[in-house]
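Given only the sequences and the hints, what does the whole structure look like? Please build it.
Residue numbers (my numbering), protein chains in the order written: chain A, 61 to 426; chain B, 61 to 426; chain C, 61 to 426; chain D, 61 to 426.
It is worth saying that the hints were derived from the structure and are not from the lab.
Just so you know, same-sequence chains aren't split out, so a pair can sit in one copy or run between any two.
Each computed DSS-like pair below joins lysine-lysine, with the alpha-carbon atoms no more than 25 Å apart:
1) K94 - K416
2) K387 - K152
3) K197 - K387
4) K114 - K388
5) K261 - K94
6) K393 - K222
These are the residues of each chain, in order.
Protein chains: 4
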Amino acid sequence: MNQNEKYAAIHYHSYLGLDKVLDAQHPRSGQYGKEAHDETLFIIIHQVYELWFKQIIHELESLVGLFEADAVDEKNIGIAVSRIERINEIFKLLIHQIDVLETMTPLDFLEFRNFLFPASGFQSAQFRKTEVMLGLKMAQRFSYQEKPYYNQLSAEQQEEIKDLESRRSLFELIEDWLERTPFIKCEGFSFIDEYKVAIAKMIERERQAIETNEYLSPEERTARLTMLGANGEFFQQVLDPAIHAQKIADGHVRISYDAMIAAVMIHVYRDQPILQLPYRLLDAITTMDELMTSWRYRHAQMVMRMLGKKSGTGGSAGFDYLMETVKKHQIFKDFHHISTLLIPRGDVPQLPDSLKRDLSFYYSTK
Amino acid sequence: MNQNEKYAAIHYHSYLGLDKVLDAQHPRSGQYGKEAHDETLFIIIHQVYELWFKQIIHELESLVGLFEADAVDEKNIGIAVSRIERINEIFKLLIHQIDVLETMTPLDFLEFRNFLFPASGFQSAQFRKTEVMLGLKMAQRFSYQEKPYYNQLSAEQQEEIKDLESRRSLFELIEDWLERTPFIKCEGFSFIDEYKVAIAKMIERERQAIETNEYLSPEERTARLTMLGANGEFFQQVLDPAIHAQKIADGHVRISYDAMIAAVMIHVYRDQPILQLPYRLLDAITTMDELMTSWRYRHAQMVMRMLGKKSGTGGSAGFDYLMETVKKHQIFKDFHHISTLLIPRGDVPQLPDSLKRDLSFYYSTK
Amino acid sequence: MNQNEKYAAIHYHSYLGLDKVLDAQHPRSGQYGKEAHDETLFIIIHQVYELWFKQIIHELESLVGLFEADAVDEKNIGIAVSRIERINEIFKLLIHQIDVLETMTPLDFLEFRNFLFPASGFQSAQFRKTEVMLGLKMAQRFSYQEKPYYNQLSAEQQEEIKDLESRRSLFELIEDWLERTPFIKCEGFSFIDEYKVAIAKMIERERQAIETNEYLSPEERTARLTMLGANGEFFQQVLDPAIHAQKIADGHVRISYDAMIAAVMIHVYRDQPILQLPYRLLDAITTMDELMTSWRYRHAQMVMRMLGKKSGTGGSAGFDYLMETVKKHQIFKDFHHISTLLIPRGDVPQLPDSLKRDLSFYYSTK
Amino acid sequence: MNQNEKYAAIHYHSYLGLDKVLDAQHPRSGQYGKEAHDETLFIIIHQVYELWFKQIIHELESLVGLFEADAVDEKNIGIAVSRIERINEIFKLLIHQIDVLETMTPLDFLEFRNFLFPASGFQSAQFRKTEVMLGLKMAQRFSYQEKPYYNQLSAEQQEEIKDLESRRSLFELIEDWLERTPFIKCEGFSFIDEYKVAIAKMIERERQAIETNEYLSPEERTARLTMLGANGEFFQQVLDPAIHAQKIADGHVRISYDAMIAAVMIHVYRDQPILQLPYRLLDAITTMDELMTSWRYRHAQMVMRMLGKKSGTGGSAGFDYLMETVKKHQIFKDFHHISTLLIPRGDVPQLPDSLKRDLSFYYSTK
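Written as structure tokens, this is what we have:
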């Protein structure tokens, strides 16, 4: 049936289910005593957070769907970028929203805080789902009071989370997709080999430039050579598959070696028509991770201001716990480190003509 | 009973009524055909708007309560300022939120737009309430299709709105409060008389300065004198109670003469301890009006981008109607014009010592 | 010479020319009397605006360069999108910046306003350049006091502006690029013809759906059919080249018919790999135009608050003039109207397989 | 002389010193090779940062001036609040500005990064001044490479900084002002004694409420009693002057005991007319500190994204160093902890009538 056919008229109010949505604010202070004016804000802002989490989960589900296919349709990369960009706009809003919550002062919060026990943002099932869908693993979680984080959720919610944990997360699906990048190795061109040669050349050339630079004082020269040496060594280590494997084993790195190399390749050849959107995808994911971390940080700051050194409602962890999650619960950390592996465009290895053609659009080669 | 006594434990999920709030998203496209991915965003963002409107109404109700008293307790001015500042933070968020809606492209909107007929933001009862509580009058409304705006609301909602229209709005209550400002006329000091003298002196002094300023070319001198003359005439007109009354009769001005003069006085003596918070109140209201108008403007822009020259869902008015409301539905317009009446601090009449003492705090005069 | 060779060490302070930049704040109030505290803010915020305008011009120059080539290298579309997105981030900042200026109250401004005569933002050569480079034409400008806007600029600045006006602007270059879009007409496929057929089919199907929809009351049915009729007529008019030509002649539309059709095609087939970045380009330009217009609007609002109904420094035009420019100086207005021409994805004509292949990447067809 | 007299006409361009400001962008890449497109952005954004730092310093100088007086004129509290609020708006802009810098990708940065050696943001004299004026002490600074931070500054800049370090900072001046708060001890009312009694009563009442609350399970009861006990102990420790002195000695706390108690008093009685602006002052300072810390955090995030694990230009410290400063260079940390000391309004000790009158305005007692 076509979308336009035979459906009843609808009113704004019922379309949006406002009977439900606007009847879900019941301040506890009013139930047990004099209503605290600011409790309404506290309830509404958290409901708004939950609505946005629902939207983020909706986008993540579609993203997971797009990348679960063995061969991601090229058409879908553009869609994936747009959906991550939408999540990013939502995260910006969530960060901004803290400004509204901060119009409630600590003294105003105290008027109803006691009534909330033991409710706590810690119990948000949707936030946990978001983390798991993005790729946060149980083992990576900063453990709080040595209990699994989901024991505060309902049985049904726990089932859902556990099920999600057993599926591939966005992190893993993107990793898979990177590993499948064509062109990394093709006839007559091994990107990683060429890239290592390019780095060596670049370092050697810089070394000579520093040594013959008459503008530098001896101290400056030494300082620069030391930096350069450290830089060269760094590249060697990072590009060594064995060291990379060790870092994964030690928990310092998560992304696979092949996925990392593919990401570097996409970065350095990102102006090739075919790589423009993959590049935008990586960039949007890195921004998403940055925004989520910023949100955690601002949230911790706000808790500190509201509660000082006291613990949260429900005895939940306060500032210190939250600050630990800022660091430890960052999921796409490795994507931020790609920049460490880049070299200036002028030093990047030239692509063979045949490959360049493959990276362009068909019609332009006619 | 004390607030801390004898209440049951509560969980985040039930405290926030999430069973209701998160079960109120039912895309029409899914009901009648293939679900359009972006309809969820469309529903959720409008629900979030309605939640914030509920919060704004909650603040406005408390503000109306604070100012309905015949003598506003001085303690409450600080509270009033904080609550308007909160509304302002919320309006900033509502403006920001349009960025999220704009991640939905016109083509995506078309996927489900037909299902929404005749629902329209025009039918938001809470937004109407907000306008009425702030002070928008029926007569001031830009008439759309010559029907009263509330015929799209339910009978119950219409009752509520009509009842609100019969009560004093925030605009009127602030006007009353301004008219009650003490000190405007007190023994040995009539602010308005002194202010007129000060303006005349200022204009005469500037005239002499321009005439004897050897830096000016004849053209520049003439230009400046013309400007000065226009300026002087402007002050005379604006401060003339008869002309003011005429402007009110013609619908160009709404605020009463006395309230306007009180607002000027609060502005020019705002550093006096007792006037610091009244000044902040006027400033916060002006900002609120500016933000609400900005929101209308951004909303109109977004509708233009989404729909172009077509009419809105439900055949509701599109861009042109919305742009008319940007201008005509601005409620505190007169507050923006106070600046027209100000003169530099150095020209402001000196307060008599006795009055100065009254405007200070008690303990500082001991 | 390679970039890394033989250059002297540099200090942050001299690299940024801080001797100059931080020595360019000379409050006039201090020169002629007691320094007004807020004049420093007034100077600095305008200097910051000018620095950002310089950056915007730098980006526009590169964009003009990229599109001046007869055949725009496909590689450059991604770069163009990134640069427009940067301009957009800058415009967001410029809008935000008004919040900082509004911390200066009208009374504070009066402390030094008289000293500024006849300086005015009207005299910003860089802002004029920006407008001209984007595509604002002399004839389109809202005329102020019937003098050409640039008579307030220095002879050299006037030369530069006139020279820019004689060159192709970004608007025209984008129009050219759109007109060159391949695929609009190719063997066995005329997009515009197919699109018209698709629209007719869609309208007819909707008509039948409305007529047989038992949920609708007779009034609703009539209302919907009227809307549908208006909609159908609208499409016919907009897609008629003769009517389009007349609208251009009358000054209601600026973009050429062919460019408009190409833009519609890019929108409706935007998920095709080869059209993803062109789509993003159009979208980024529309956002840029929206942001620039928002900036004009916020600027007008701020002037209203600061000056009320008085004229600006230098007798320059105040709020009313600025509000006229919000509407009349909008450059890419036609791009916002593309949405008017779109139809739901399900109704969009199918591409022939051969064309679909051309719109994909080469390697994926092997 | 009056401000309006005898001064020459001025043009926007010369008023703003644009000859200097717009002639201070000299990309090093262009000097030594092919100009990197993005270096202009890099230069301009840093110049804008420096202009805003100049404005912040301008505001801080005036704030220090207002508070250096032995008895701060009550009139000036309102002015102080406005100026801190302006600084806060500027900090919000500085945070937002990072979004613009992030439109430059790591690869683009590499095009000119080598030319910048050893310039670094570390060398910004104005940022150091800002820190010192706010109250950052040498001893508190996270030491980098065991050299004093200012050895990278010019001799003149070092002199200026050392001079500033020898003067009272805003932190210390606010502390002094708090210590001078009247009313803390006055005839028949010792705030601290009454407050301790109020806390004890509150804890005892809560204990009884928990013990007799039939809604609680035994585990919940135990959990709540444990929390309550910890809470009570916490209050005792924090309000004990000897323990406070020890914490200062150990470097855990900076603010004096008396200033802290005064801040608590201002918080809990903030609705008293006379305390409304002092409360706003404390609140604005806390926000300023939060924003400055947020800026440090976003800056660190951006450096991480741009450079990964490499060190900054000039070998300056990268992400890890910056993250250390986020924590260690926070100046008004103690102000965030005031919330720890607050109790609900209903539990706050009643003020004696005579004191209440003193905290009101004179005229309202007539």
